[in-house]
Amino acid sequence: MNFNLSEEQNMLKDSVARFVQDEYDFESRRANAASELGFNPKNWQTFAELGWLSIPFDEAHGGFGGGATDVMAVMEEMGKGLVVEPFVATVLMFGGLLNKSANAALQDTYIEKIIDGSLQGAFAYLERQSRFELADVKTQAKRDGNDFVLKGEKTVVFNGAAANKVVVSARTSGEQCDEAGITLFLIDTDAAGVERTPYRLMDGQLVANIKLNDVRVAADHVLGDVDNGYPIMDAVVGEVIIALSAEAMGIMQKLNTTTIEYTKTRQQFGVAISSFQALQHRMVDMFMAGEQAKSILYRAVCAAESGADDLAKNIAALKVMIGRNGKLIGDEAIQLHGGMGLTDELDVGHYVKRLMMINTTFGDADYQQQKFNRLAYTD
Amino acid sequence: MDITFSAEELAFRDQVRTFLSENWTEDLASRIRGEDQEFKAAQIEWQNKLNDKGWLAPGWPVEHGGVNWSVTENFIFETERSLAGAPDVVPFGLKMVAPVIYGFGSEEQKKRFLPRILKSQDWWCQGYSEPGAGSDLAALKTKAELDGDDYIVNGAKVWTTYAQYADWIFCLVRTDASGKRQDGITFLLIDMNSPGITVNKISSIDDHHSLNEVVFDNVRVPVANRIGEQDKGWTYAKALLAHERTSIAAVADSKRRLRDLRKLLSDEISGGRPLLEDTQFQNRLSNTEIELMALEYTELRVLASTADGKGPGVESSLLKIKGTEIQQAIQQMYMDLAGYYSGIIHGEENAETIGHAFGHDARKAYMYGRAATIYGGSNEVQKNITAKYVLGL
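These protein sequence lines map, in sequence, to chains V and Z. Numbering-wise (UniProt numbering), the first sequence opens with residue 1 and increments by one. Numbering-wise (UniProt numbering), the second sequence opens with residue 1 and increments by one.
Chain V extracted, bound-state conformation (with noise of 0.2 Å):
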């Protein structure tokens, strides 16, 4: 038993934190996240000349063959970072469902330029009326000699406005709600009929809505099978999750630094205000939340590293653990800075947005605290 990174882990780990530390100032930050991408593409290049875009992949595809743990060593300082750049939904979930969907010939297509930087992707899963609720698809997919054809609309899509490839979830059988009927699809964004609305979500991050108007794909733009695409989307969420909250520790951690740093200078009645018990205890239970939640991480992690029965009942804990520690961590650090915890200028209050939008994304505390309870308490 062992919970430390392996030697070329630190490294990994190291590369990024160095990288956050030179060329990710706050001022940095916020100028990445207003431009015109939403992100910076000389930050993207420096990510593929360093290799971390080649993480998940198999070294067949000249990946660097990595796992859960690999992945939240990168996470958990992109978080500290707070970096907006699309690790997250070019290499983690487009790269990931290629990874999944058992179809060589886009394997072979789209992986190398993931690694060399010129394929930005993404997932449209989410639809209107969806929730968090995966399966909940109604758009359509018909089929029309060796292509299909698609019609519907795709809200909330993580690197959607800068995306050249999406790969969109379509029913192609079943009523609206079933796990089985759907497919999924790979389409190019200059498509006919592809139909992009972009805006900024709260945490900085550029978005699309994304309408597919009688869209053609070929058939053999199909991941995995015809009707079957549901638990290749379910694995591959399994896997962000785990890699959002890595990045979501990231921040706690950053938050309860920050936090304990300016309690020791802040001076109220002739004192630093770190002084007062009452603080120091709110202080605590944000360090025993965090302590608290990297355990959880880990224990996700170990689960996956050895693909363990019980996964998904140690991701869904994660995920609720991740949602409500990050809320109690982000309330109190802006508690604690007091008027200036709300000004914008300072960084606390740009770091507790993401953790919001990492609480809603999947599905927040209370929704994965119920599927925890069908996994946990039906027998």
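If you're looking for bench data, these hints aren't it; they were derived computationally from the structure. Where is the CB? At the ideal position from N, CA and C, for every residue including glycine. Where hints are given, some of them may not hold.
[To be verified] Chain V is nowhere near these chain Z residues, computed Cβ spacing over 12 Å in every case:
| hint | residue |
| --- | --- |
| 1 | 49 |
| 2 | 62 |
| 3 | 66 |
| 4 | 138 |
| 5 | 194 |
| 6 | 206 |
| 7 | 228 |
| 8 | 328 |
| 9 | 367 |
| 10 | 383 |
[Claimed, not checked] One side only, chain V facing chain Z, incomplete, derived with CB under 7 Å:
| hint | residue |
| --- | --- |
| 11 | 69 |
| 12 | 257 |
| 13 | 260 |
| 14 | 274 |
| 15 | 278 |
| 16 | 291 |
| 17 | 301 |
| 18 | 377 |
Guided by the hints, dock chain Z onto chain V, whose structure is given.
Below, chain Z alone, put in the same frame as chain V:
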């Protein structure tokens, strides 16, 4: 990051399971739940079975009877023990005074006391808290004055668990009141049969006799029973506290309690449906289970860092706080599950003929469970420790 068990570790787990199935019997389990002498005899019988196997004091140095288990082996043993429903050892001798003796005691003290602790021939209790010294332990006033080759001890210790069974008590006493409070404290081992010792029972809200007051009236204690140097007792005692807090977390026991609770909830019918289907109850269960899943890994992280020679650090306060909060949440759920029957007082009627037999035990655990957030340094004191030593506030 690796949590998978090796083939050797899996074989060890099988060995532990075999031992438990052969030695932790229904009969023993029922006697250990009994009162007074029946409990004491059964607890000693169980500890002797463990000792015969060589597993009673795994954490001790090998030359004194320890087994040098890895963190993983320790984890496996604790998990299997508690899943089988077998109790932990009584900690006062094996886990509390023994490390002080082999850590700071003389060769003669090691030879005299350690073998008797291993054979459960001496029952120990802990003399730390006093009427005027609880969370503020260094305020203790029980006095020891040198008189020839003896100390003369006067004062009182309180909340002394199982003093009524004890042959020996380890005490922190004041030998110097002139300087810094922590500097004038001495660690003494005192024979409970010494003239001048009175044990007064304290009735507690759980209807079980575990707490006592121990009064010392001119009790003579040979200087040979002093650990280390005079006035240095605080240092010896402090080395232990982190360990005590770690074991109070009782993660493995809480796992078993939750597993058993889940079963009881699926048997309990409310409005025609199993109570386990009640969404309110499900949420309470999962709130606790998720915290416990995390705490299990927090404990493993602390243990792994200890094995790397880094701890058990001050993070043990976190284990104590979260572990006891989880215990109390579980106790509350047992109470609410028992409903009316949580009011049953065992012994007045046959609980089985009235309603749930577990009602009495649920209440006992709940009422005594209030102590967990108080003893071992109250949870508020743990927060002070964490604020100071971990967060640097």
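Here's how the hints hold up against the structure:
The claim that residue 49(Z) is not at the interface with chain V holds, since no C-beta of that chain comes within 12 Å of its own (minimum 27 Å). No Cβ of chain V approaches the Cβ of residue 62(Z) within 12 Å, the least distance being about 21 Å, so the stated non-interface status holds. The claim that residue 66(Z) is not at the interface with chain V holds, since no C-beta of that chain comes within 12 Å of its own (minimum 20 Å). For residue 138(Z), the condition that its CB be more than 12 Å from all CB atoms of chain V holds, with the nearest at approximately 19 Å.
Residue-level check passed: residue 194(Z) sits 42 Å from the nearest beta carbon of chain V, beyond 12 Å. The claim that residue 206(Z) lies off the interface holds: its Cβ sits roughly 28 Å from the closest Cβ of chain V, which is beyond the 12 Å cut-off. With a minimum CB-CB distance of about 33 Å to chain V, residue 228(Z) clears the 12 Å threshold, and the non-interface call stands. A cut-off of 12 Å between C-beta atoms confirms that residue 328(Z) is not in contact with chain V; the least separation is 16 Å.
The Cβ of residue 367(Z) lies farther than 12 Å from every Cβ of chain V, with a closest approach of about 26 Å, so its non-interface assignment holds. In this structure residue 383(Z) is not separated from chain V by more than 12 Å, as the shortest Cβ-Cβ distance comes to only about 4 Å. With 7 Å as the threshold, the beta carbon of residue 69(V) comes within range of chain Z, its nearest partner Cβ sitting at about 5 Å, so the hint holds. For residue 257(V), the shortest C-beta to C-beta distance to chain Z is roughly 10 Å, which exceeds 7 Å, and the interface hint is violated.
Using the Cβ-Cβ criterion of 7 Å, the hint placing residue 260(V) at the interface with chain Z is satisfied: the shortest such distance is roughly 6 Å. With its C-beta approaching chain Z no nearer than about 5 Å, residue 274(V) sits inside the 7 Å limit, and its interface hint holds. Checking residue 278(V) against chain Z: minimum C-beta separation of about 11 Å lies over 7 Å; hint violated. For the restraint placing residue 291(V) at the interface with chain Z, the shortest Cβ-Cβ distance is roughly 6 Å, inside the 7 Å limit, so the hint holds.
A distance limit of 7 Å between C-beta atoms decides the matter here; for residue 301(V) the minimum to chain Z is near 6 Å, and the interface restraint holds. At a threshold of 7 Å, the smallest CB-CB gap from residue 377(V) to chain Z is about 5 Å, leaving the interface hint in force.
Of the numbered hints given earlier, the model fails hints 10, 12 and 15; all others are met.
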